[in-house]
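These protein sequence lines are chains A and B, in that order. Going by the numbering used here, the first residue of the first sequence is number 1, and it counts up by one from there. Going by the numbering used here, the first residue of the second sequence is number 1, and it counts up by one from there.
Bear in mind the hints are in silico, worked out from the structure with no lab data behind them. Do not take every clue at face value.
Derived pair list, reagent style BS3-like, types lysine-lysine, alpha-carbon separation capped at 27 Å [said to hold, decoys possible]:
| no. | chain 1 | residue 1 | chain 2 | residue 2 |
| --- | --- | --- | --- | --- |
| 1 | B | K53 | A | K69 |
| 2 | A | K197 | B | K128 |
| 3 | B | K53 | B | K158 |
| 4 | B | K53 | A | K52 |
| 5 | A | K199 | B | K110 |
From a predicted model like this one, the values you see are computed outputs, not experimental measurements.
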Amino acid sequence: MSNLARAEGREPLIHLSKRAGISRGKAWSIRIIAVLLGILVCGIAAFLLIEKVQNNPEKIGEFYGTFIKGSFSTSRKFWKFLKNTAVLLCISLALTPAFRMRFWNTGGEGQTLVGVLSAIAVNFYLGGKIPEGILLILMLLAALAAGALWGVIPAIFRAKWGTNETLFTLMMNYIATYLVSYFLVIWVPSGSSTLGKLKNGRLPIIADNENILIVLIVVALTAALYIYLQYTKHGYEISVVGESVRTARYIGINERKVIIRTMILSGMLCGLAGYLIAAGSDQTVTTNSVGGQGFTGIMVAWLGKFNPLAMLLTSALIQLLNQGAMQISKDFGVNSSLTSVIIGIILFFIIGSEFFINYEVHFRGHAKKAARRAIK
Amino acid sequence: MKKIAALVLALCLSLTAFAALADGIAKEDLKLGLITLHSEQSTYDKNFIDSFKEACANKGLTEDQYAIVSDIPEGDECRQQAEEFADEGYNMVFADSFGHEDYMIEAAQKYPEVQFCHATGTKAHTEKLDNFHNAFASIYEGRYLAGVVAGMKLNEMKEAGKLNGEVPMIGYIGAFPYAEVKSGYTSFYLGAKSVCPDVQMKVVFTSSWYDEIAERNSALSLIDAKCDLISQHADSMGAPTACQEKGVPNVSYNGSTVTACPDTFLVASRINWAPYFEYLIDQLIAGEAIATDWTGTIATGSVEITEINEKAAAAGTADAVAKAKAGLEDGSIKVFDTATFTVKGAALENYMADVDSDPAFTPDTEVVSDGYFHESEMRSAPYFDVDIDGIEILNN
């Protein structure tokens, strides 16, 4: 039997192999094709599910336009887009050092929420009684401390007793949520658990723009974290612990110390995001103050491959999808659940594209040709 | 000369026409926005969304003349959405959740030419802005009628020897222990008591407006605690579906749950918001001021009970409800008649309520006179927050 026939007999219709490497151009073209396909499938979903599009198929163009309109049609929307991107990015940046260390911090939601809660607690008790500047500083310190505490507890347990950090940090989210419920019961004697907007503790408005300071803070943080992770000893230690704990030990890195130190940083930065929410926009706290961004932040960090500069793009993409979907819900009169479906479709394609970047797909015919070439 | 006179006349006429238009808004130019806390999965928000669409359709507005944004949290996002509506030329923006209020007030301050309306809020009458308005309805009257349905059912169960304990016991699941919820369950209880004098009630709070699992578990624990009938003031289907599974009668809120619970649904009370939305549309077109604090009633069509589910309800229920409704309408029945309940064994002779909201929740207004508690008369949002005898609160 010839080699050719043997190859044919064994070969499945499709098989996959891991790529040894891929050129940057090819990787990006796969990503762009994926996004385009995602957009196409969204259009089909819109056609099947949105009545206004069904009745007037020419509205499909408007459907796509609305995605852009959600973030760019007015300066208010654009600034909201920048601010929300900044807050989401801040949470994702906070998670990044932990993720680089392969410490799966799923507690960003809770670490951010305790940040909001602590900042608002300081504001609730001291607002109006001390100068605004000092109040804002105390709120910041409280938020950073609370976030750090929420981050370091699972880190200590992991470092000392090897507990599973994914479950531990996840559980800490629930404790944070119920802690907020608890304080709202104490703070609001009428029983409504609605604190309302506090009068004090508002970040300064620069150049008549309430968002600019938040955006600047997060831009600075992005640069600082990039430098910290790429160019400092700490950053290097984090990478080594992430790659292999044994190697870290071998070269004299105290991995327990690194885990605890890094989770203090991670929690603290979540606390900062909480502060931005508390002092930069809401001036109140509810159990929903973070609104799931602690989890969305995980996706932003993964999509950006834990590179702070790439995460700038991925957080902007997610926010663009959010605001676009919201606008579609408003303009086309559809239930907001459908807009989550649309976001889901696009993210599915984007995440799916990474598969095709890492793996190559071979078809049977392709293998036959390869085998022939081999015989020759 | 004639020509000039005609020209002047025409000019005058067109000017008056213009003046009339400047006051009101032409119907075809009207644009209305609705902001809701959750989406249609929540019975509470669905009630607003349905009424809003219904009112717009009744008044002949096209679908392009209104828009709805859902899942808007009680934070700065609410202000952003309200201001976006204002940017886009909407004439009126309505928000449906208690915690939206402060953010709506901010938007109202920034956009004096746009009307901002808010359900369940308490601050319009003290903020004194021309373009910020509160609205609610005397839903305690609807709850009272729903209570009559419950009381009739309990009587039937008692006669058939089907009670779980010695006295008829209602289980009630409330969201938060504050006036809106307390006023609701107390009026429901008093309605039941008006036909079933020995009824008692147990209340559990879930600390959330929408928590399907907590509402379901609360219902199950109340059923285990020998409650004969369940009602709820929280917005998921958790309690009604638990009742259907366990075969326990349920009185619902915000709308009928009969499709999901055909065997156990008795009746539901609901605020029909369509009359208020229609009122808003009329005022905007006429260029008339919108009431600062609007209270819908049975007479305005705002307070409703759904059709009674004959399959589950006791015989004679419809007649008992009709009698109570007539009494409420002619004023011979007062829901919070101080002769019908006691507080710590004594009659309630006076009560200072916190009507004018302040951060310290200071009681400021006497609300008991002429033998009854004057609910929703000093402002639209409820302020009855008295714990009366016969109702046991299991958690806080």
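Hint numbers the structure violates, sorted upward? 3
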